[in-house]
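Enquirer: For reference, the chains in residue letters:
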Amino acid sequence: EPEVTQTPSHQVTQMGQEVILRCVPISNHLYFYWYRQILGQKVEFLVSFYNNEISEKSEIFDDQFSVERPDGSNFTLKIRSTKLEDSAMYFCASSPPFGAADEKLFFGSGTQLSVL
Amino acid sequence: AQKVTQAQTEISVVEKEDVTLDCVYETRDTTYYLFWYKQPPSGELVFLIRRNSFDEQNEISGRYSWNFQKSTSSFNFTITASQVVDSAVYFCALSEYGGATNKLIFGTGTLLAVQP
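Listed in order, the protein sequences are those of chains U and C.
Mapped onto this note's numbering, the consecutive letters of the first sequence carry residue numbers 1131 to 1246.
Mapped onto this note's numbering, the consecutive letters of the second sequence carry residue numbers 89 to 204.
It cannot be assumed that every hint is accurate.
Stated by the list, open to error - Which residues of chain U face chain C? A few of them, derived with a C-beta cut under 8 Å, are:
hint	residue
1	V1173
2	F1175
3	L1214
4	S1217
5	F1221
6	S1225
7	K1234
No wet-lab data here; the hints were simulated from the structure.
For every residue, glycine included, the Cβ atom is placed at its ideal position computed from N, Cα and C.
Excised from the complex, chain C in its bound form (with noise of 0.2 Å):
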């Protein structure tokens, strides 16, 4: 069965310190998706970034870097000096690849809170 964790439930930070997100999946498929959502107080869901399980490479974009490591089913999420705009719920989730469905498995998310 597909499982996404996501240990840690909420993180407070002061602003500019840098902050990383865990995510820890499982999944009987060989080839999967990995996806990361930001849930602002306004509600909606933001996409991120999406990984294929084929693709380890490190991902940065601006202040956001991935992690990704099958040898530990990890897809850590890193905000380098962080902003008080970054203050959101952090969604990781996984889909199976090439499926009947792009059906996402999520995690319970992680609540950041980013102090000015």
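This is chain U alone, in the form it adopts within the complex (with noise of 0.2 Å):
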């Protein structure tokens, strides 16, 4: 089956850098998606991208975030200024059009962001 692959599994910065989380989407899909998962805690959904464009965010989704498609294969997000509260697990999801027969989301294996 394809797959969401979502790199590097585990991230390690220090509290005001910026950090960039990469997804490649499996190839065919449209719809993109970043959630994250704090320890423990149910899966949120941040922000959803279609046709180069933000089509829905959640209010976690402050300035601080941004995410990109720079090219046909990924799709980024970056956090600007790291803070303590944005360590969590960070998934990258796609899915693709809707009336698919496979219409429901795919994810990826998870970025594991650690803000020192």
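Both chains are sitting in their own frames, so use the hints and assemble them into the complex.
Expert: Right, dumping it as structure tokens:
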């Protein structure tokens, strides 16, 4: 089965530093997402991206966050100035067009971000 | 507003026992999708099932079965003859149908521990 690939699997950074989390969605998918999961808590929606622009974002996704699809394959999440509370597992996901037989979110394995 | 409630925080069973994980949802939409995802200790999110709101038939897949009842807004998940490999956190999730994005609203998860 095709996979969503995320790199790196672990990222350690100092508070105030910028981080970029990278994702390669499944090639024929059109919708891309970032979710996060703080340790021991539920998975929370951050942002969705379609047609090269943000289609929806949550309250968590403030001005410190940005997303980009710099080329035809990568989808990135940037945190400009990390805070301790940004420490979490970040999941990238993609989904095929609406109405597709396998219409669901395919999740990557996640990037564990630790802010020190 | 959409909401998913998984009242069971942790469940512990002995191998071969049957176990049911509860999920109750709230939505004003008349059409929507419901999902179950499994998160094993390795951390990835594994898709188990998607059900749309028009289809109230129960589904069985091997040892797994799902009971969708619109009248009580519940989408419960039963594992028959549980195995140690079933130990994981299980998330129920909801998304609106045909919305701008396929955003998932997750419950808080149920940690299932299957003892040998």
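Enquirer: Minimum Cβ distance from F1175 (chain U) to chain C below 8 Å?
Expert: 5 Å, holds
Enquirer: Min Cβ distance, K1234 (chain U) to chain C: is it shorter than 8 Å?
Expert: Interface hint status for K1234 (chain U): holds (5 Å vs cutoff 8 Å).
Enquirer: Using 8 Å as the Cβ threshold, decide whether F1221 (chain U) counts as touching chain C.
Expert: 6 Å, holds
Enquirer: Are V1173 (chain U) and chain C close enough, Cβ to Cβ, to be under 8 Å, as the hint says?
Expert: This hint holds: V1173 (chain U) lies near chain C, its Cβ roughly 4 Å from the closest one there, short of 8 Å.
Enquirer: Taking the least C-beta to C-beta distance, is S1225 (chain U) closer than 8 Å to chain C?
Expert: Cβ of S1225 (chain U) sits 5 Å from chain C, so the hint holds.
Enquirer: Would the hint on L1214 (chain U) stand, with a C-beta cut-off of 8 Å toward chain C?
Expert: The hint is violated - L1214 (chain U) has no Cβ within 8 Å of chain C, the shortest such distance being about 21 Å.
Enquirer: May I ask you to test the interface hint for S1217 (chain U) with respect to chain C, counting a Cβ-Cβ separation under 8 Å as satisfied?
Expert: 14 Å, violated
In the structure shown, a violation is registered for the earlier hints numbered 3 and 4, in ascending order.
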